[in-house]
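Engineer: These protein sequence lines map, in sequence, to chains A and B. Under the working numbering, the first residue of the first sequence carries the number 1, and numbering increases by one thereafter. Under the working numbering, the first residue of the second sequence carries the number 371, and numbering increases by one thereafter.
Don't take every hint at face value.
To be verified - The following label-pair restraints were derived from C-beta to C-beta distances:
hint: 1; chain 1: B; residue 1: Pro722; chain 2: A; residue 2: Gly310; range: 21 to 27 Å
hint: 2; chain 1: B; residue 1: Ala761; chain 2: A; residue 2: Thr278; range: 54 to 60 Å
hint: 3; chain 1: A; residue 1: Ser248; chain 2: B; residue 2: Gly417; range: 49 to 55 Å
hint: 4; chain 1: A; residue 1: Ala218; chain 2: B; residue 2: Asp733; range: 41 to 47 Å
hint: 5; chain 1: A; residue 1: Glu311; chain 2: B; residue 2: Asp831; range: 48 to 54 Å
hint: 6; chain 1: B; residue 1: Leu807; chain 2: A; residue 2: Gly54; range: 56 to 62 Å
hint: 7; chain 1: B; residue 1: Glu577; chain 2: A; residue 2: Ala212; range: 47 to 53 Å
hint: 8; chain 1: B; residue 1: Asp775; chain 2: A; residue 2: Asp303; range: 39 to 45 Å
hint: 9; chain 1: B; residue 1: Lys409; chain 2: A; residue 2: Gly310; range: 40 to 46 Å
hint: 10; chain 1: A; residue 1: Gly123; chain 2: B; residue 2: Glu402; range: 48 to 54 Å
hint: 11; chain 1: A; residue 1: Glu58; chain 2: B; residue 2: Glu758; range: 46 to 52 Å
hint: 12; chain 1: A; residue 1: Arg41; chain 2: B; residue 2: Glu714; range: 19 to 25 Å
hint: 13; chain 1: A; residue 1: Pro84; chain 2: B; residue 2: Pro722; range: 55 to 61 Å
Stated by the list, open to error - Computed far set for chain A versus chain B, every beta-carbon distance over 10 Å:
hint: 14; residue: Glu25
hint: 15; residue: Phe28
hint: 16; residue: Ala48
hint: 17; residue: Ser72
hint: 18; residue: Asp143
hint: 19; residue: Arg160
hint: 20; residue: Pro171
hint: 21; residue: Asp303
These are calculated hints, taken from the structure and not from any lab test. Every residue gets a Cβ at the ideal spot worked out from N, C-alpha and C, and that includes glycine.
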Amino acid sequence: MNDEFVAVADDLRALFESPEMELSEEDFASLASRAFDFQFRSNPTYAAFCRGRGATPESVESWREIPAVPTSAFKALPIFCGDPSEAEVVFRTSGTSGGGGDRGDHYVADLSLYEASAVPHFGHYLLPDGVLPALVALVPDPDVLPDSSLSHMAGMVGRRLCRSTTFCAHPEHGVDYERVEAALSAATEQERPVLLFGTAFAFVHWTDHAIASGSRFALPRSSRIMETGGFKGRSREVGRAKLYDTLSLITNVSVSRIVNEYGMTEMLSQFYEPALLTGPPPLAQRHHMGPPWVRTRILDPVDLREVPDGEAGILAHFDLANLGSVCAILTEDLGTRVGGGFRLIGRTPGAEPRGCSLSMEEFLRAKSTA
Amino acid sequence: MSMFDAWALPGRMVEDIGGTALVEGAPVRRLELAVADLKRIASGLRGAGEHLRSLSSVTIAECLGAIGSRFRDPQDILRLEALSVLPETSGLSTEMAAHVLDGMCRDWTTEVFLELLEREFGHPEALDEADFPADFAALTTHFGSGAVPGVTATSLIRALLVKSPSLVKPGLGDVVLPVLWARAIHATYPSLGAAIAVAYWPGGDSELSAAAIAESDQVVVYGSDDTVAEVRGRMREDQRLVVYPHRVGLCGLGRESIAPQHLQLRAKEAALAVATFDQRGCVSPHVIYVETGGETSPTEFAEALATELSELERELPSGGRTPEEAVAFQQLTGTLEMRMAAGEDVILHSRPGEAWAVAFDPDPRFIPSCLGRFVWVKPLGDLGELPEVLAPVRRHLQTVALEFDPGRRAGSSKLPESRELKAALSALGASRLTTLLEMPWPRAWWEDDGHGPLRILVGRDD
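Isolated chain A (complex conformation) (with noise of 0.2 Å):
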């Protein structure tokens, strides 16, 4: 990459790694205007878009008016400010949301910024009692499922977070539940905490396992559970509530101590809830909270303007992180404002899809699984 993208990433870097965790108004603007800068003259397909939309570095007051460019445009072109083929890593996102074999490529011009600024994070919300926990990871090795930005992600919090590391699926034969749960009792009987770290989507499979097998673990009372992923479609707190107790009946692990991850293939930087840092409230009131270096903003779905507080909207992401691809990110997601957080929104309860039209969601759906 380009003097222009080095110079930009070691001050991000340096950020990262500061242990204040706190970013002014003024330093994230300088930070964005100058990343914004840069995307715009290494990416001339990103330039067009915004140039569509009225939008240059000359023209732009804020950070507010940079393009967001939508997730799904990771599924159709390489969003990358340079030759993608100098990326250091291509992240593929699962394809299960989208279906029908359509995923998404986020090309990664430096993987050290990307640890830069996921391990602290990570740590500041998994970790704030400074325990060196044995992480037992339901998803594949990075070293077999090299495009998995949350394989990458458990390896990185793994090597420089953790006791120990145990992988314990396979990106072809799912959840491997003899090695989650002989690690599990390995760490019950040494009487080292657990990270135990999955897909809501792993855990549903590994806890059906478990009730029918009758498997149960008393791990160690700082042992916690980082769940990712969710319910999309669905009632998001009836399908949370229920695998969360059911999480805590085997394993032993309070509920208060589980913690939802939302991050996404396209994005670089996750957002945490604060249950570890502040005690959780009930699940329907819980919230997520982000890195300094990430701004959110709730738009109005239809006109994408911002919403006042309060009100529903489209999440947009201003990622610094996201330095050598795009900042700025519409995602499919909605949510509301919450104290400097967010609340995601799932489909409201009861609402029922409109029409008899076949939607695309079904489309697709029913594409991946002929």
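Following the hints, complete the assembly by docking chain B onto the known chain A.
Structural biologist: Below, chain B alone, put in the same frame as chain A:
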């Protein structure tokens, strides 16, 4: 506006129900039904079946035709009430709600009902014959669709024409018309009305739905594959299930049909087909395939269509998208902007905040629209290529609107005869081949999903 009571029960049945509740997010009240209430209602409906079957088909058609005419009468309180409530419950604009009601009630006439009976059974009074081979359902439960007003009322009408008492559970977006239909019948023809009950309950209440299914001989369900599967999973072997799953529509325009002298008309018709029901109908087009090689190119057609959709926004404005629809729209249009920025040959006609979008994409592969007045325009060398292009989506295919000069087809290299093209599309699963103008408004006797609409309700889906 005042609350709409989302129920119509015969006689005094409602007096035995516990209470009412507001429906979240809508100006609608529902009955707080218990399973025991449903069983009681079902029993009452079954009890009215003997009298219903004793009525002649002509009598039933005339009663229904009289009610139908009230929805066409601009002064009738039934129509006025429908129009006052439809926009809020269906999400359609006031103008589109009136347009939809007019389209739906075009076929709510005695003459059409009698013609439907004739087309289905050979003559209108066939079902009056004691020995006519038909498996009458003592009770039919209808699970209605979402927000296409009139679909559930039509389902109820069909069941009455085949003399089956009916319990109707409408979707929230289509709650008004079946309730008003039932109330009108209860008030005007109480002995017929004794066989009809309409009640809304939230779709998530599986206990009530399960009870309704258990009480029925026959279930009609409109919905997604998931909804259909859920209902199917609760059915017994001795029960009959009639399904109307979600489907896709599309158009095929021959190059001569969009010649300059026809272009504006064709674009207007296409815009209306897209905009009607805010594109949420199973008959709404997701993709318009346009033949290349004519005086008007597919990109020029796309531009003309965009102009007409913009114009139509004044006369029949969009009712707005749900948050989920809006999210999908933003993702799709934003991605198209990026693709254009990357130099791909796609063209997006829309602006941020616009209520519609036309996207030209040279890739002929079928891709669904995100709906809410978003339509793809794709080129084809020849309409004869349609069957091949649509093969991957055959499972969901339903309505295909075709515009071309049959006389021209003789010189075409693929499927030279129009009948061959139509036969090929029918073989793929397109149960309705029509024109652009008629696309939003199938006639009462159309074989939705390949079934005779009445025959299937008496076990004669041959």
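Engineer: Each hint should be assessed against the structure and marked as holding or not.
Structural biologist: Each hint, compared with the structure:
Look at Pro722/B against Gly310/A: about 24 Å separates their beta carbons, and that is inside 21 to 27 Å. Distance hint for Ala761/B and Thr278/A: a CB-CB separation of about 56 Å, consistent with the stated range 54 to 60 Å. Look at Ser248/A against Gly417/B: about 51 Å separates their beta carbons, and that is inside 49 to 55 Å. The supplied range of 41 to 47 Å is broken by Ala218/A and Asp733/B, whose beta-carbon atoms lie about 57 Å from each other.
The supplied range of 48 to 54 Å is met by Glu311/A and Asp831/B, whose beta-carbon atoms lie about 49 Å from each other. Range check, Leu807/B to Gly54/A: about 39 Å between beta-carbon atoms, so the 56 to 62 Å window is missed. Checked against the hint of 47 to 53 Å, the pair Glu577/B and Ala212/A fails, with Cβ atoms roughly 26 Å apart. Look at Asp775/B against Asp303/A: about 43 Å separates their beta carbons, and that is inside 39 to 45 Å.
Remark: the range hint 40 to 46 Å for Lys409/B to Gly310/A is upheld by a beta-carbon distance near 44 Å. In this structure the hint that Gly123/A and Glu402/B lie 48 to 54 Å apart at CB holds, the actual value being about 51 Å. For the pair Glu58/A and Glu758/B, the supplied restraint of 46 to 52 Å holds, since their beta-carbon distance comes to about 50 Å. In this structure the supplied range 19 to 25 Å holds for Arg41/A paired with Glu714/B, their Cβ-Cβ distance being about 22 Å.
In this structure, Pro84/A and Pro722/B break the distance hint of 55 to 61 Å, their C-beta atoms being roughly 28 Å apart. Against the 10 Å criterion, Glu25/A stays outside the reach of chain B, whose nearest CB is about 26 Å from its own CB. The beta carbon of Phe28/A is kept farther than 10 Å from every beta carbon of chain B, the shortest such distance being approximately 24 Å. Its closest Cβ contact with chain B, about 4 Å, brings Ala48/A to no more than 10 Å, contrary to its assignment away from the interface.
Consistency note on Ser72/A: stated as away from chain B, yet its beta-carbon is not over 10 Å from all of that chain's, at 4 Å minimum. The non-interface label for Asp143/A is consistent with chain B: the shortest C-beta to C-beta separation is roughly 32 Å, beyond 10 Å. At roughly 35 Å, the least C-beta separation between Arg160/A and chain B is larger than 10 Å, which holds for a residue marked as non-interface. The claim that Pro171/A is not at the interface with chain B holds, since no C-beta of that chain comes within 10 Å of its own (minimum 26 Å).
Not every Cβ of chain B is farther than 10 Å from the Cβ of Asp303/A; the closest lies at roughly 4 Å, contradicting the non-interface assignment.
The structure shown violates the earlier hints numbered 4, 6, 7, 13, 16, 17 and 21.
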